[in-house]
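What follows is each chain in one-letter form.
There are 2 protein chains.
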Amino acid sequence: MQICQIAGYKNSGKTTLMNQLIQYFSETGVRVGSLKHHGHGGEPDLGKQTDSRQHLDSGAVISGVQGETISQFMLHQQLDLDELVQLYNSFPIDLLLIEGFKKSAYPKIVLVRNREDLALINELPDVLAVGSRNAALLEELNVPVFNLNRIPENIPRLAEYIRGCSNE
Amino acid sequence: MQICQIAGYKNSGKTTLMNQLIQYFSETGVRVGSLKHHGHGGEPDLGKQTDSRQHLDSGAVISGVQGETISQFMLHQQLDLDELVQLYNSFPIDLLLIEGFKKSAYPKIVLVRNREDLALINELPDVLAVGSRNAALLEELNVPVFNLNRIPENIPRLAEYIRGCSNE
Numbered sequence: 001m002q003i004c005q006i007a008g009y010k011n012s013g014k015t016t017l018m019n020q021l022i023q024y025f026s027e028t029g030v031r032v033g034s035l036k037h038h039g040h041g042g043e044p045d046l047g048k049q050t051d052s053r054q055h056l057d058s059g060a061v062i063s064g065v066q067g068e069t070i071s072q073f074m075l076h077q078q079l080d081l082d083e084l085v086q087l088y089n090s091f092p093i094d095l096l097l098i099e100g101f102k103k104s105a106y107p108k109i110v111l112v113r114n115r116e117d118l119a120l121i122n123e124l125p126d127v128l129a130v131g132s133r134n135a136a137l138l139e140e141l142n143v144p145v146f147n148l149n150r151i152p153e154n155i156p157r158l159a160e161y162i163r164g165c166s167n168e
Numbered sequence: 001m002q003i004c005q006i007a008g009y010k011n012s013g014k015t016t017l018m019n020q021l022i023q024y025f026s027e028t029g030v031r032v033g034s035l036k037h038h039g040h041g042g043e044p045d046l047g048k049q050t051d052s053r054q055h056l057d058s059g060a061v062i063s064g065v066q067g068e069t070i071s072q073f074m075l076h077q078q079l080d081l082d083e084l085v086q087l088y089n090s091f092p093i094d095l096l097l098i099e100g101f102k103k104s105a106y107p108k109i110v111l112v113r114n115r116e117d118l119a120l121i122n123e124l125p126d127v128l129a130v131g132s133r134n135a136a137l138l139e140e141l142n143v144p145v146f147n148l149n150r151i152p153e154n155i156p157r158l159a160e161y162i163r164g165c166s167n168e
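Going line by line, the protein sequences match chains Y and B. Just so you know, my numbering puts 52 at position 52 of the first sequence, and the rest follows in order with no gaps. Just so you know, my numbering puts 28 at position 28 of the second sequence, and the rest follows in order with no gaps.
By construction, these hints were calculated from the structure, which means they are not laboratory data. Computed from a prediction, not measured in an experiment: that's the story for all the values here. Misleading hints may appear alongside valid ones.
[Said to hold, decoys possible] Which bits of chain Y does chain B cover? Going by a derived footprint, with three or more residues having C-beta under 8 Å, they are:
hint, stretch
1, 21-30
2, 61-72
[Stated by the list, open to error] Computed list of chain B residues with no C-beta within reach of chain Y, every gap over 12 Å:
hint, residue
3, LYS36
4, GLU99
5, GLU123
6, LEU124
7, ASP126
8, ARG163
[Claimed, not checked] What follows is a set of in silico ranges between Cβ atoms, one per label pair, in the way DEER data are often shown:
hint, chain 1, residue 1, chain 2, residue 2, range
9, Y, TYR161, B, PRO152, 43 to 51 Å
10, B, GLY164, Y, GLN49, 46 to 54 Å
11, B, HIS76, Y, ASN149, 41 to 49 Å
12, B, ILE121, Y, THR15, 25 to 33 Å
13, Y, MET1, B, GLU27, 36 to 44 Å
14, Y, GLN77, B, LEU141, 36 to 44 Å
15, Y, GLU160, B, PRO152, 56 to 64 Å
Beta carbons: idealized from backbone N, C-alpha and C, even for Gly.
In isolation and in its complexed conformation, chain Y is listed as follows:
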């Protein structure tokens, strides 16, 4: 299983890029898993009071519901990214795309909004490429760059670039 992170500050375009990549990879036969860090806002919104949510509230460590081809699990346990990656490893996926967890040491695409964000490129480990909606900013860089204003037409090139940087 190959791993690639999409990292960057809030409003740098991570959510849109994740969905475009997941869609492109899935359509071209690459089986994708995705993992998103909920960020600094606390716990994820688990939605309305389903039975499995109630099980978690009653004290279950893990609760799940399965119906036809969809299963949903909620886990009340501290897990670091390596443990989460290990969990994804037990599923038949070719590529795990991770949104956030930017300080982690997996290969990553860094999204920058402005000149101040450029510091991330040197601060973060294993930067494969840089994306931005600010085309002028990208011109100054000597790493592979992707103009986020030209998504989706840039998606195939970025996707192939990610797959070429294989760390499987």
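Fit chain B to the known structure of chain Y by using the hints.
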């Protein structure tokens, strides 16, 4: 990891019993996982349009979100009960309580509503005990029985009975 199913037809009291058992076990130091079969109503309700729901819609095989001590995963894959059990085995739980999947061969508590439901006791594999809100019905049976009208006071006895039937 010990496994116990709570089986029975609709409106036999499964949901209430599951929550009472999860709560009792959790409070007494038994680490519980729960799994519910969504039944014949199709796919589980995944709630509102979160990012991880969007990832699944974009084609991801598995999508997840993690924040603080809570993680949530959605899986778009056909899994049978044995594969689901194997997944739970990778988490630190002592007991997996399964609601539904009544024809499966794990040890189970069968809940009966009326005389017609009694056929389940012979039809289903590995019945440990029978519960009902119909006390008169239980008097005729020669298996361990639990009066669901006397939940929660009956919960400790049922819980200890389940733990005593260990299949770990």
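How the hints compare with the structure:
{"no.": "1", "hint": "21-30", "result": "holds (count 5)"}
{"no.": "2", "hint": "61-72", "result": "holds (count 12)"}
{"no.": "3", "hint": "LYS36", "result": "5 Å, violated"}
{"no.": "4", "hint": "GLU99", "result": "8 Å, violated"}
{"no.": "5", "hint": "GLU123", "result": "22 Å, holds"}
{"no.": "6", "hint": "LEU124", "result": "19 Å, holds"}
{"no.": "7", "hint": "ASP126", "result": "20 Å, holds"}
{"no.": "8", "hint": "ARG163", "result": "16 Å, holds"}
{"no.": "9", "hint": "Y:TYR161 <-> B:PRO152: 43 to 51 Å", "result": "59 Å, violated"}
{"no.": "10", "hint": "B:GLY164 <-> Y:GLN49: 46 to 54 Å", "result": "33 Å, violated"}
{"no.": "11", "hint": "B:HIS76 <-> Y:ASN149: 41 to 49 Å", "result": "31 Å, violated"}
{"no.": "12", "hint": "B:ILE121 <-> Y:THR15: 25 to 33 Å", "result": "52 Å, violated"}
{"no.": "13", "hint": "Y:MET1 <-> B:GLU27: 36 to 44 Å", "result": "38 Å, holds"}
{"no.": "14", "hint": "Y:GLN77 <-> B:LEU141: 36 to 44 Å", "result": "39 Å, holds"}
{"no.": "15", "hint": "Y:GLU160 <-> B:PRO152: 56 to 64 Å", "result": "59 Å, holds"}
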